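Fit chain B to the supplied structure of chain A, relying on the hints for placement.
Number of protein chains: 2
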Amino acid sequence: MQKHTAISTIGEFGLIERIKELVNFRVDDASLHDNLIMGIADDAAVYRPTPGKVQLFTTDAFVEGIHFDLTFTALKHLGWKLMAANFSDIAAMGGIPRYATITLALPRKISIEMIEEFYNGASFACKKYSCLLVGGDTTSSLANMVISVAVTGEIDEQHVVYRTGAKPGDYICVTGHLGSSVAGLKILQREKKLFTDSPNQDKFRPNLEPYKAAIEKHLMPEPRLDLSRILTQQIKVNAMIDISDGLASEVHHLCKNSQVGAAVYEHNIPVESITQRIAEEFSQNPIDYALYGGEEYELLFTLGDDEYEKLEKLTNDVSIIGRITDKSNGIELIRENGESEPLRFGGWDHFKS
Amino acid sequence: MQKHTAISTIGEFGLIERIKELVNFRVDDASLHDNLIMGIADDAAVYRPTPGKVQLFTTDAFVEGIHFDLTFTALKHLGWKLMAANFSDIAAMGGIPRYATITLALPRKISIEMIEEFYNGASFACKKYSCLLVGGDTTSSLANMVISVAVTGEIDEQHVVYRTGAKPGDYICVTGHLGSSVAGLKILQREKKLFTDSPNQDKFRPNLEPYKAAIEKHLMPEPRLDLSRILTQQIKVNAMIDISDGLASEVHHLCKNSQVGAAVYEHNIPVESITQRIAEEFSQNPIDYALYGGEEYELLFTLGDDEYEKLEKLTNDVSIIGRITDKSNGIELIRENGESEPLRFGGWDHFKS
Numbered sequence: 001m002q003k004h005t006a007i008s009t010i011g012e013f014g015l016i017e018r019i020k021e022l023v024n025f026r027v028d029d030a031s032l033h034d035n036l037i038m039g040i041a042d043d044a045a046v047y048r049p050t051p052g053k054v055q056l057f058t059t060d061a062f063v064e065g066i067h068f069d070l071t072f073t074a075l076k077h078l079g080w081k082l083m084a085a086n087f088s089d090i091a092a093m094g095g096i097p098r099y100a101t102i103t104l105a106l107p108r109k110i111s112i113e114m115i116e117e118f119y120n121g122a123s124f125a126c127k128k129y130s131c132l133l134v135g136g137d138t139t140s141s142l143a144n145m146v147i148s149v150a151v152t153g154e155i156d157e158q159h160v161v162y163r164t165g166a167k168p169g170d171y172i173c174v175t176g177h178l179g180s181s182v183a184g185l186k187i188l189q190r191e192k193k194l195f196t197d198s199p200n201q202d203k204f205r206p207n208l209e210p211y212k213a214a215i216e217k218h219l220m221p222e223p224r225l226d227l228s229r230i231l232t233q234q235i236k237v238n239a240m241i242d243i244s245d246g247l248a249s250e251v252h253h254l255c256k257n258s259q260v261g262a263a264v265y266e267h268n269i270p271v272e273s274i275t276q277r278i279a280e281e282f283s284q285n286p287i288d289y290a291l292y293g294g295e296e297y298e299l300l301f302t303l304g305d306d307e308y309e310k311l312e313k314l315t316n317d318v319s320i321i322g323r324i325t326d327k328s329n330g331i332e333l334i335r336e337n338g339e340s341e342p343l344r345f346g347g348w349d350h351f352k353s
Numbered sequence: 001m002q003k004h005t006a007i008s009t010i011g012e013f014g015l016i017e018r019i020k021e022l023v024n025f026r027v028d029d030a031s032l033h034d035n036l037i038m039g040i041a042d043d044a045a046v047y048r049p050t051p052g053k054v055q056l057f058t059t060d061a062f063v064e065g066i067h068f069d070l071t072f073t074a075l076k077h078l079g080w081k082l083m084a085a086n087f088s089d090i091a092a093m094g095g096i097p098r099y100a101t102i103t104l105a106l107p108r109k110i111s112i113e114m115i116e117e118f119y120n121g122a123s124f125a126c127k128k129y130s131c132l133l134v135g136g137d138t139t140s141s142l143a144n145m146v147i148s149v150a151v152t153g154e155i156d157e158q159h160v161v162y163r164t165g166a167k168p169g170d171y172i173c174v175t176g177h178l179g180s181s182v183a184g185l186k187i188l189q190r191e192k193k194l195f196t197d198s199p200n201q202d203k204f205r206p207n208l209e210p211y212k213a214a215i216e217k218h219l220m221p222e223p224r225l226d227l228s229r230i231l232t233q234q235i236k237v238n239a240m241i242d243i244s245d246g247l248a249s250e251v252h253h254l255c256k257n258s259q260v261g262a263a264v265y266e267h268n269i270p271v272e273s274i275t276q277r278i279a280e281e282f283s284q285n286p287i288d289y290a291l292y293g294g295e296e297y298e299l300l301f302t303l304g305d306d307e308y309e310k311l312e313k314l315t316n317d318v319s320i321i322g323r324i325t326d327k328s329n330g331i332e333l334i335r336e337n338g339e340s341e342p343l344r345f346g347g348w349d350h351f352k353s
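Line by line, the protein sequences give chains A and B.
The numbering of the first sequence is our numbering, which starts it at 1 and goes up by one.
The numbering of the second sequence is our numbering, which starts it at 1 and goes up by one.
Same shape as in the complex, but just chain A (with noise of 0.2 Å):
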């Protein structure tokens, strides 16, 4: 069993030591190293922007009890998710990472081991992805863990893509694959019940093997950050969201802030067989996890049909799911069966009653 280290045998300030350490990583960018003139050491970092580009700024948080299970989820893989939720909202602008930050509100039951393996976990996103960390906030909490982080990244300003340029005519695309996410949730809620329920806890052995692919989708997502580059500075898209809270509400999202409406056509939305298999398990639509599920960080993009050609032979990881219409044809699905729908405006809401 993992040692269990309480926080108060070293304090706040002896905590803030040992994640100084753990931050102190290089990554491949050499620049990101150059141009940082003070990390975590005062109070505030202070770093050198690459002349010419602009900067992004995000901001997003994880919850216990909303974003995560600390029954089912590893530190690690939290520190990793968290990074790559946030790096995923700089590839959505087309940008790349630079410096980041983390505020943790803990809660007694976490340890020094446990924050280690957070840091672990944020430490191999940031290194795969270039980012450094550079500053924080460590406090206690009386109930739940929460965990924010913030991050700027860095584009050339004629290369920043906004939710606000589809236009009619743009084929809406997706990068990879959706809906396994929350498949991989489906799987560790059902084991974690099957657990708290089993008379013999001691033997029990979860069953996750099979399930493997959309497990590690939902517990380390890859923001594409890979993707981003290609269709920023390789070809142009017109228009480009991350897809955090389902497909649906991402294209509503879209299509608001351009003025457009969309036809997205149920049987191009990219999901692949184990989903298909863990929603079947549970007799669910597999294309309702890919609409409502969320958590993914693909990317939802719209783009000419030139455009389109070129990404093409670019990659092969896209698909086109529709198009974008004119605002007063709505937002519609389309049916395997040929019918059409409004599609309904839905995905992860926070405040849901």
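By construction, these hints were calculated from the structure, which means they are not laboratory data.
Be careful, since some hints might not be right.
Since the list can't tell identical chains apart, any single copy or any two copies may satisfy a pair.
With a cut-off of at most 20 Å between alpha-carbon atoms, the simulated EDC-like pairs for lysine to aspartate or glutamate come out as follows [as the list claims (entries may be wrong)]:
no., residue 1, residue 2
1, K256, E17
2, K256, E21
3, K53, E154
Bear in mind the structure is a predicted one, so any value in this text is a computation, not a measurement.
Just chain B now, kept in the frame of chain A:
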């Protein structure tokens, strides 16, 4: 009584729309608006940094039950104070704030009206100190309320002041007065207890008026961006830190970072008469409030004699409280009777057992 509308009536996206309206204010520094290309309406904010300046980046979080008690803290004050705490970190580097993001983890008891109050307070601070709110994240919370703010700032690279520059022989100075924030908190806590214990709560009226100055300092502290400019642009200070965890703790941090010792003279620590009066009521030492109280957001800095002579002509809101010494001398507190003792390292530690 104030209206109490559940956030679930408008949902997360309704709340975001409302927040967008609340942060749509103008500040005096037009360059902030001119350089902001995208605020809260996309995956990340986009802004042009001022050419030639370096960027500052800091974050600070407040947790219900740890940093604030909603029974005596209005959300408006909370919004102000969290912005002030972050601006204070920017001030401690010598910079000016530019753009900020806010993440909110909200339990069910928080109403739309309370969120509006919070943003009114935060906006009030932002307007006063010229900072734009450009992003954020809102989520529910199963238990306590947690708020996290990240702020970027700017400064000429040659004007940045670190914690590392203090030299033996330097004067140690502080801005304003110390100890009144915790004195104000003591009164608020006492009146809360009297209210809770009161047999007739309807008729209970807290006795706050005589302590107003201290309570204001606790609820609406001012970041010292005014003096920070003078200290870095008009004279040259060698090291600086803001006083968020109490003077003793900050002297230790500054000395540790600069590899020096210090002699702090008890009788030179600036304490207002209201703080002395409150400490007397509680039979406590007002100097302990200054040393171990915290949440003041005054600045602690060191500078040479010549620079102090210049500073004296520019402001009378700073006090010399001691001298930087050799590291081997340690960090001493010189009592009024001339006796010296090690300055106990202390202050607010979030993980004390």
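Cross-check of the supplied hints:
1. K256 to E17: Classified as between; 12 Å across copies, 46 Å inside a copy.
2. K256 to E21: between (45 Å within a copy, 17 Å between copies)
3. K53 to E154: both (6 Å within a copy, 15 Å between copies)
Hint compliance for this structure: no hint is broken.
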